[in-house]
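Q: Chain by chain, the residues:
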Amino acid sequence: MHFAIDTADARPIYVQIMDEVRRALVMGALRPEDPLPSVRQLAADLRLNPNTVAQAYRELERDGIVYVRRGQGTFIADRATPDAERAALIAEVARRALVDAHRHGLSADDLIQAIRDAAAADAKTAAE
Amino acid sequence: MTHAAPLPHSIASPTGDLAVATEGLVKRYGKDTALGGINLAAPEGGVYLLAGENGAGKSTLLRILMNLVRPDGGSTRVFGLDPQRQGPQVRAEVGYIPETHQPAYRWMTVGRLLDHHAAYYPAWDQPHADRLCRQLSLRPDAKLGSLSKGQARRAQLVCALARRPRLLLLDEPTDGLDPVARDEVLGLLSDHLADTGGTILISTHLIYEVDRLADHIGVLRGGALLAQLPREDLHRRLKLYRADGPEGWVGPANLQGVIKRAALGREIRWTVWGEEAEVATRIADSGGVVRDVASLTLDDAVVALMRAKD
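For the protein sequence lines, the chains are A and B, in the order given. Mapped onto this note's numbering, the consecutive letters of the first sequence carry residue numbers 377 to 504. Mapped onto this note's numbering, the consecutive letters of the second sequence carry residue numbers -14 to 295.
Honestly, the hints are just simulated from the structure, not real lab data. For glycine and all other residues, C-beta sits at the position ideal for the given N, C-alpha and C. Accuracy of the hints is not assured; some may be wrong.
[Unchecked claim] Just a few of them, taken from the derived set where beta-carbon distance is under 8 Å, the chain A residues facing chain B:
{"no.": "1", "residue": "H378"}
{"no.": "2", "residue": "P413"}
{"no.": "3", "residue": "R416"}
[Said to hold, decoys possible] Calculated from the model, a selection of chain B residues having no Cβ within reach of chain A, i.e. all distances over 12 Å:
{"no.": "4", "residue": "E38"}
{"no.": "5", "residue": "R62"}
{"no.": "6", "residue": "P73"}
{"no.": "7", "residue": "K128"}
{"no.": "8", "residue": "R167"}
{"no.": "9", "residue": "G172"}
{"no.": "10", "residue": "Y193"}
{"no.": "11", "residue": "A199"}
{"no.": "12", "residue": "R227"}
{"no.": "13", "residue": "Q241"}
{"no.": "14", "residue": "A248"}
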């Protein structure tokens, strides 16, 4: 799988790695029992400090998304379901959109209405 | 910047062992003070980014650690050893890559240079050196004087990495490298860290180029260490606040830790060092509406610290 890490993103790098694993779960690119790349491999591929990758894996383990099989590596946990991660992802996307709306002086209702209008416009374009 | 909120120094009582520790380190060149009492603490197993503009004193500090420059005051320890009295023991543990990539002997071949290092360092690992040369397409028969800047840097890296030192001192390691060479250097350093769990101290003014490796940050300006802290603390406590308020609103009086303030119409932006909840409350209490609180990228954070007024 491909991890997109962006140092211009204000999220810490280990959070970006965690988010990438979550995203891959929701998209179906990663499923329970799939292995993650080794800390060393991912660090070398992304030119990262291995400590940063290890920190991301530790936090994912704490969240129950991955587990470590000793001597074999890190794997996606059985209980890490796309549904649970999708719910977390939707909440996160919504929160970010709300912050952005607030920043522009818009209310939650403004945002919800605008999303409905945009979705309706998209559907109309697709139908034509 | 107000004196009520000094710039961050959160490795004052570091946990764990230090690879590099200086106390009150002073170096003068005639009337100029290159280093004016530096307390640097680089934890073992980390990547410490020493950021600063050219002439801030970064290279001088690294040279003192290698006992290539004699300090005028203070103490220096590398793994608890004093470079001035225990130079050979320190150099056995340290791989140093100076800023200059001009080889001393232009007629010498890469192979001869490596042989020289192999003879000097008992920890030299020849198969590892060969592997690194292959990885970097370094030809042993190439003359040092004929190498490009990027190739010369690669040769320096092989010399330093082939004996897996506990500490790497890198002075502007990516300066002047093309993007491919820079990417290779970062890959080698990542591999080295995974292999050894060692410590790296990188001095640079090109922060974004080594951003991905750094976990501790020191900011040097005019011979003084303005800030020194784990990257996470910097990320958590240095933030950009955007707020707006009623006509004529100027924000809270005496907001502490302000590094920068800018106004656009009725919107005010502050870059502030402090606890987010406290700062946001102060702004709200003064009649403003906080629109956004954002962390800074490492590059922006360091630049903000470097530009902070005393």
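Q: Are the hints correct? Go through all of them and say.
A: Hints and how they fare:
1. H378: violated (16 Å)
2. P413: violated (12 Å)
3. R416: holds (4 Å)
4. E38: holds (20 Å)
5. R62: holds (23 Å)
6. P73: holds (30 Å)
7. K128: Check passes; 30 Å lies beyond 12 Å.
8. R167: violated (9 Å)
9. G172: Answer for G172(B): violated, closest chain A Cβ roughly 5 Å.
10. Y193: violated (6 Å)
11. A199: With a cut-off of 12 Å, A199(B) comes too close to chain A, as the shortest Cβ separation is near 7 Å.
12. R227: Its Cβ does come within 12 Å of chain A, the nearest being 7 Å, so this is violated.
13. Q241: Given a closest Cβ separation of 23 Å, the condition holds.
14. A248: holds (17 Å)
When each numbered hint is compared with the structure, violations occur for hints 1, 2, 8, 9, 10, 11, 12.
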